[in-house]
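In this note's numbering, the protein residues as written are 1 to 181.
Please keep in mind that the hints were generated in silico from the structure rather than gathered at the bench. If you're wondering where the values come from, they're calculated on a predicted model, not measured in any experiment. Among the hints, a few may not be true.
Stated by the list, open to error - In silico DSSO-like links for lysine-lysine, alpha-carbon gap of 27 Å or less:
1) 91 / 104
2) 36 / 104
3) 85 / 132
4) 91 / 132
5) 104 / 85
6) 85 / 36
7) 38 / 91
8) 132 / 104
9) 85 / 136
Claimed, not checked - With beta-carbon atoms standing in for the labels, derived distance ranges:
10) 76 / 129: 16 to 22 Å
11) 37 / 132: 27 to 33 Å
12) 133 / 66: 21 to 27 Å
Virtual Cβ for every residue (Gly too), placed ideally from N, Cα, C.
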Amino acid sequence: MIAVEIEDFCGSGWLSTGVHRRHVRERQKGGPCVGKTKRGRGTKIMAIADGSGLPLAVCIESASPHEVTLVERTLDTCFLAQLPKCLIGDKAYDSDALDARLAKERGIELIAPNRSNRKRFTQDLRPLRRYKRRWKVERLFAWLQSFRRILVRHERHARNFLSFVHLGCIVLFLRRLLGGL
Numbered sequence: 001m002i003a004v005e006i007e008d009f010c011g012s013g014w015l016s017t018g019v020h021r022r023h024v025r026e027r028q029k030g031g032p033c034v035g036k037t038k039r040g041r042g043t044k045i046m047a048i049a050d051g052s053g054l055p056l057a058v059c060i061e062s063a064s065p066h067e068v069t070l071v072e073r074t075l076d077t078c079f080l081a082q083l084p085k086c087l088i089g090d091k092a093y094d095s096d097a098l099d100a101r102l103a104k105e106r107g108i109e110l111i112a113p114n115r116s117n118r119k120r121f122t123q124d125l126r127p128l129r130r131y132k133r134r135w136k137v138e139r140l141f142a143w144l145q146s147f148r149r150i151l152v153r154h155e156r157h158a159r160n161f162l163s164f165v166h167l168g169c170i171v172l173f174l175r176r177l178l179g180g181l
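Between the sequences and the hints, there should be enough to build the whole structure, so can you do that?
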């Protein structure tokens with residue numbers, strides 16, 4: 001029911017979306033979805049935002065796996081029935097295998113700039129013009145990081161932390177509906 005209302009609110013105007021991740025440091029030791037980073041232990045929040053910066057899919061995982069391995073899992077948690085036609089990611093998503101898998105299995109075009117150490121460049125400059133819209137995903141994480149329970153993970157269980165992330169997303173939707181953003 002809520003997903004249908006969100007789809008009606010967002011409309012079919014969102015063609016390109018962005019995917020990004022954010023590391024969250026954990027206050028206590030241990031617990032599921034906690035992995036090592038350079039700065040200690042943490043949890044990774046993966047999110048997909050629509051063209052206006054509202055979240056379409058959110059999932060959490062340990063901080064240690066690479067983002068490329070988590071994109072499809074994040075797409076599986078999409079709030080809407082229709083998947084985006086295009087994903088905009090940063091240089092970490094520059095993977096031929098991921099690009100081919102998304103295009104073949106889901107019909108999604110992946111736009112990610114080439115890494116500096118890449119031997120054969122696959123992205124030309126025309127699709128990369130859409131990369132300029134990626135700031136909307138960064139803004140989504142800035143909005144989510146304004147909630148204290150999301151900024152620092154205090155929950156021992158991953159499902160409780162994911163619930164607080166979902167509550168933050170609901171607050172963002174309500175702010176947009178009420179005209180507060």
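Results of checking the hints against the structure:
no. : hint                 : result
1   : 91 / 104             : holds, 21 Å
2   : 36 / 104             : violated, 33 Å
3   : 85 / 132             : holds, 17 Å
4   : 91 / 132             : holds, 13 Å
5   : 104 / 85             : holds, 12 Å
6   : 85 / 36              : violated, 33 Å
7   : 38 / 91              : holds, 19 Å
8   : 132 / 104            : holds, 25 Å
9   : 85 / 136             : holds, 17 Å
10  : 76 / 129: 16 to 22 Å : violated, 29 Å
11  : 37 / 132: 27 to 33 Å : holds, 29 Å
12  : 133 / 66: 21 to 27 Å : holds, 23 Å
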